[in-house]
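Start from the sequences, fold in the hints, and give me the full structure.
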Amino acid sequence: MVHQLIDKAFNYSIPISHAYLDDLVCIPIILGLGTQIIQWIHPIKNLYFLDKNVIIITVIFYSILFEGILPFVNPSIYTADWIDIVMYSIGAILFYNLISKKVKEEYLAVLKEL
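Note that my numbering has the sequence shown beginning at 81, numbered continuously upward.
Be aware that a few hints might be false.
Claimed, not checked - Cut-off 16 Å, straight-line C-alpha distance, at most; resulting in silico cross-link-like pairs (EDC-like, lysine to aspartate or glutamate): (1) 125 to 186; (2) 182 to 131; (3) 184 to 131; (4) 132 to 185; (5) 125 to 185; (6) 181 to 131; (7) 125 to 102.
Hints listed in this document are in silico derivations from the structure and should not be mistaken for laboratory results.
Because the structure is a prediction, the values reported are computed rather than measured.
This is the structure:
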């Protein structure tokens, strides 16, 4: 991440990006990597997409794990913050609208041609 490079290399921190940018891009990165790996092995290849349910379950899982369980188990390292859940959700909405929805439309167009 660019903001982490700036933070570490130049010892300059932008508080809002340090606090929430990772949470915003976390879900799109994880879902994007997961989608790519599945596309490599799934028979329909690049037409495979994640539906809304998988995206919602991912947000719920990350919210429970990183904002519930881990802060309870190790409060010296993890901090629960409800705004992180909002950032996970915004990232998921962006992923669905910018990536998954377009692949779904391509998939449906191919099915219509058959």
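Now the hints, each set against the structure:
Taking the CA atoms of residue 125 and residue 186, the gap is near 12 Å; set against the 16 Å cutoff, the hint holds. Restraint check: the Cα-Cα separation between residue 182 and residue 131 comes to about 11 Å, which is no more than 16 Å; the hinted pair holds. Taken as a hint, the residue 184 and residue 131 pair is honoured in the structure, with Cα atoms around 8 Å apart against an allowance of 16 Å. Distance hint between residue 132 and residue 185 is fulfilled; the C-alpha atoms sit about 14 Å from each other, no more than 16 Å.
With a CA separation close to 15 Å, the supplied pair residue 125 and residue 185 stays within the 16 Å bound. With a CA separation close to 8 Å, the supplied pair residue 181 and residue 131 stays within the 16 Å bound. This hinted pair does not check out: residue 125 and residue 102 have alpha carbons roughly 29 Å apart, beyond 16 Å.
The structure does not agree with numbered hint 7 stated previously, though it agrees with all others.
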